[in-house]
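**Q** One-letter residues, chain by chain:
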Amino acid sequence: MAGIKVFGHAASISTRRVLLTLHEKNLDFELVHVDLKDGEHKKESFLSHNPFGKVPAFEDGDLKIFESRAITQYIAHRYEGQGTNLLQPDSKNLAHYAIMAMGMQVEAHQFDPLASKLAWEHVFKLIYGLTTDQAVVAEEEAKLAKVLDVYEARLKEFKYLAGDTFTLTDLHHIPAVQYLLETPTKKLFTERPHVNKWVAEITKRPASQKILQ
Amino acid sequence: MYNQNMVVKLFGQIRAGNPQRVLLCFLEKGIEFEVIHVDLNTFEQKKPEYLLRQPFGQVPAIEDGDLKLFESRAISRYYATKYADQGTDLLGKTLEQRAIVEQWMEVEANYFNVVVLPLVINIVFTPKFDIALVEELKVKLDKVLDVYENQLATNRYLAGAEFSLADLTHMPGMRYIMNEAGLGSMVTSRENVNRWWNEISARPAWKQLMEMAAY
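Chains as they are written, first to last, in this note's numbering: chain A, 1 to 213; chain B, 1 to 215.
Hints in this document: simulated from the structure, not taken from any laboratory. Misleading hints may appear alongside valid ones.
[Stated by the list, open to error] Cut-off 25 Å, straight-line C-alpha distance, at most; resulting in silico cross-link-like pairs (DSS-like, lysine-lysine):
1. A:K117 with B:K68
2. A:K186 with A:K159
3. A:K42 with B:K140
4. A:K143 with B:K46
5. B:K68 with A:K156
6. A:K92 with A:K5
7. B:K138 with A:K42
8. A:K143 with A:K187
9. A:K5 with A:K43
10. A:K187 with A:K117
Let the sequences and hints guide you as you build the complete structure.
**A** Right, dumping it as structure tokens:
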């Protein structure tokens, strides 16, 4: 059995989404490091793993896929009986599944574009020797504040985004949230009591701590 | 007696990309539905009553008995799963096949739509659009379609041998490319992408949707 392989970078937000999922499920895997600074992800050798030249890519036996959210969902379903349940408690209830799916789309379309831009400005640009554009930061923070207002209302009603248990919907947010907690943008979370509580819960999980090492 | 509650209600505009994704899914699966018009021209989607349905002020939203959802891709996945045995199979038969369908659905959202949406907003809906931005986006779309051209050289559809949600989810955006956005040559110049678009846009469900939209 070839086993599970992740082709990616331990610091990349998308790669971390997959690593988190694997840790939550207590699955053994090999992280094959892709040197982003060196442009390895744009080279022929990597493009066979992901023709779009982005990390992560994933292998489980004969299955080879890319796109972090497709990978995490595959893992959550394929290894449903193992480790943390990342689906709804009654995984056969389709209406509950739909609510989780909806939350995953919200993360992808409403939260992540803003959070990723802010992480790029505050954190990754500095690694590449570039300077933070404060105008962009202000603009993106204003948009993220509105999104987090919707989250605050949601988390007043439910402990987690898709209901009362931790699911993939929450997990998908963790890597970007962790980066933003180290930046001035952190205030957008701390200003909102229910969002703040949720952030504390999801980042203190053992798997969430593991990916920071 | 006909129970109004038994038919799923879709809140949106028939001539809008995201609602079309859901409508197409309903048509492929033979699911009865009712469209409740939300007028985007008068920004009805930003009004308080609608925000209760979709807190980000976007279409579509659905109501099916007690279930209320938004996000067209989540809605499509739900109905494709719920009605797996009815109408067209949109998700594949195994977990592994579904993973590949999900992968290409992610590609549509993260590579295709992310370029096509601003292209359409600029070219079609903005009187004095940013020419430099549009040129930049066209270059990006070219690169994405090159990947599709390669994938479709050895696969009849994006996720393999069968039509799936991965193909369906592209169709509203592709329609804009071929029509109002005037970018059809990007498709017709690519043998496999062209073949793929011709085949999927010949499907009866798509033709039904086009009739509903009455362009």
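**Q** Confirm or reject each hint.
**A** Evaluated hints:
Taking the CA atoms of K117 of chain A and K68 of chain B, the gap is about 31 Å. The hint is violated against a cut of 25 Å. Taking the CA atoms of K186 of chain A and K159 of chain A, the gap is about 20 Å. The hint holds against a cut of 25 Å. The suggested pairing of K42 of chain A with K140 of chain B holds, with an alpha-carbon distance near 15 Å, which does not exceed 25 Å. Our distance criterion of 25 Å between C-alpha atoms is met by K143 of chain A and K46 of chain B, whose separation comes to about 16 Å.
With a C-alpha separation of about 18 Å, the suggested pair K68 of chain B and K156 of chain A falls inside the 25 Å cut-off, and the hint holds. Distance restraint check for K92 of chain A and K5 of chain A: the Cα-Cα separation of roughly 29 Å exceeds the 25 Å cut-off, and the hinted pair is therefore not satisfied. Proposed proximity of K138 of chain B and K42 of chain A is supported: the alpha carbons are some 20 Å apart, at most 25 Å. Straight-line distance between C-alpha atoms of K143 of chain A and K187 of chain A comes to about 14 Å, which keeps the hinted pair within the 25 Å bound.
Taken as a hint, the K5 of chain A and K43 of chain A pair is honoured in the structure, with Cα atoms around 19 Å apart against an allowance of 25 Å. The straight-line distance between the Cα atoms of K187 of chain A and K117 of chain A is roughly 16 Å, inside the 25 Å bound, and the hint therefore holds.
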